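Its first residue numbered 1, the sequence shown is counted upward by one per residue in UniProt numbering.
FYI, nobody ran anything at the bench for these hints, they're computed from the structure.
In this text the structure is predicted, and so the values were computed from the model without any measurement.
Think of the CB as a built atom: it goes at the ideal place given N, C-alpha and C, for glycine as much as any other residue.
Some hints here could point you the wrong way.
[Stated by the list, open to error] Ranges between beta-carbon positions, derived for each pair:
1) Glu-80 <-> Tyr-44: 49 to 57 angstroms
2) Gln-38 <-> Asn-17: 27 to 35 angstroms
3) Met-37 <-> Arg-72: 41 to 49 angstroms
4) Lys-99 <-> Gln-39: 54 to 62 angstroms
5) Tyr-44 <-> Cys-98: 52 to 60 angstroms
6) Val-70 <-> Ala-104: 18 to 26 angstroms
7) Ile-43 <-> Glu-83: 55 to 63 angstroms
8) Val-70 <-> Lys-97: 19 to 27 angstroms
9) Ala-27 <-> Val-94: 39 to 47 angstroms
10) Glu-83 <-> Tyr-36: 58 to 66 angstroms
11) Phe-18 <-> Ala-104: 37 to 45 angstroms
[Unchecked claim] Quick list of in silico lysine to any residue cross-link-like pairs, SDA-like style, CA-CA up to 25 angstroms:
12) Lys-97 <-> Ser-86
13) Lys-87 <-> Lys-97
14) Lys-99 <-> Val-65
15) Lys-97 <-> Gly-113
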Amino acid sequence: MNMQKSPNSRGITSDENFPGFAIILFAAVVTMLLVYMQQGFTIYLLLIPLVVIGALFFAYESFKVFLRLVGRELERGRGEALEEKSKGRLLMLVCPKCKAKNPADTSHCFNCGEKIN
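Given only the sequences and the hints, what does the whole structure look like? Please build it.
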């Protein structure tokens, strides 16, 4: 598997992390307030929000990894399509109406007659 970075990719900066961390912190403070109103000043005031922060942080980081993987797949697919086009292979377009595959040089679907961009 090729793990080299493409020249167009970049890492996630702290500015992009701020909204996610702000939401996690807000959820923890709200949880602390709810626990304080229910049980008063106990050890659960710290433990329950800590569990909430951990779960939200895990979900947030997993979602970021998922978005990176989707972005890589889109880049890879675009690269493969450009490579096939440069080699002279016939690209296939999918009709938005009937989902039939059509050659890239056609303007209408062979199956249903729908106009293809």
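Status of the hints after comparison with the structure:
At about 53 angstroms, the beta-carbon gap between Glu-80 and Tyr-44 stays in the expected band of 49 to 57 angstroms. Taking the beta carbon of each, Gln-38 and Asn-17 are about 31 angstroms apart, inside 27 to 35 angstroms as hinted. Met-37 and Arg-72 have their C-beta atoms about 45 angstroms apart, which keeps the hinted 41 to 49 angstroms range intact. Evaluation of the 54 to 62 angstroms hint for Lys-99 and Gln-39 yields a pass: the beta carbon distance comes to about 56 angstroms.
Between Tyr-44 and Cys-98 the C-beta distance comes to about 58 angstroms, which sits within the given range of 52 to 60 angstroms. Taken as a hint, the range 18 to 26 angstroms holds for the pair Val-70 and Ala-104, whose Cβ atoms sit roughly 24 angstroms apart. For Ile-43 paired with Glu-83, a C-beta distance near 60 angstroms keeps the hint of 55 to 63 angstroms intact. The supplied range of 19 to 27 angstroms is met by Val-70 and Lys-97, whose beta-carbon atoms lie about 26 angstroms from each other.
For Ala-27 and Val-94, the hinted distance range of 39 to 47 angstroms is satisfied, since their beta carbons lie about 41 angstroms from each other. One distance hint, 58 to 66 angstroms for the beta-carbon pair Glu-83 and Tyr-36, holds here, with the actual separation near 60 angstroms. The hint said 37 to 45 angstroms for the Cβ distance between Phe-18 and Ala-104, and at roughly 43 angstroms that hint holds. Simply put, Lys-97 and Ser-86 have alpha-carbon atoms about 28 angstroms apart, too far for the 25 angstroms limit, and the pair is violated.
Proximity of Lys-87 to Lys-97 is assessed by CA-CA distance (about 29 angstroms); at most 25 angstroms being required, the pair is judged violated. With a CA separation close to 30 angstroms, the supplied pair Lys-99 and Val-65 exceeds the 25 angstroms bound. With a C-alpha separation of about 9 angstroms, the suggested pairing of Lys-97 with Gly-113 holds against the 25 angstroms cut-off.
Of the hints listed earlier, those the structure fails to meet are numbers 12, 13 and 14, in rising order.
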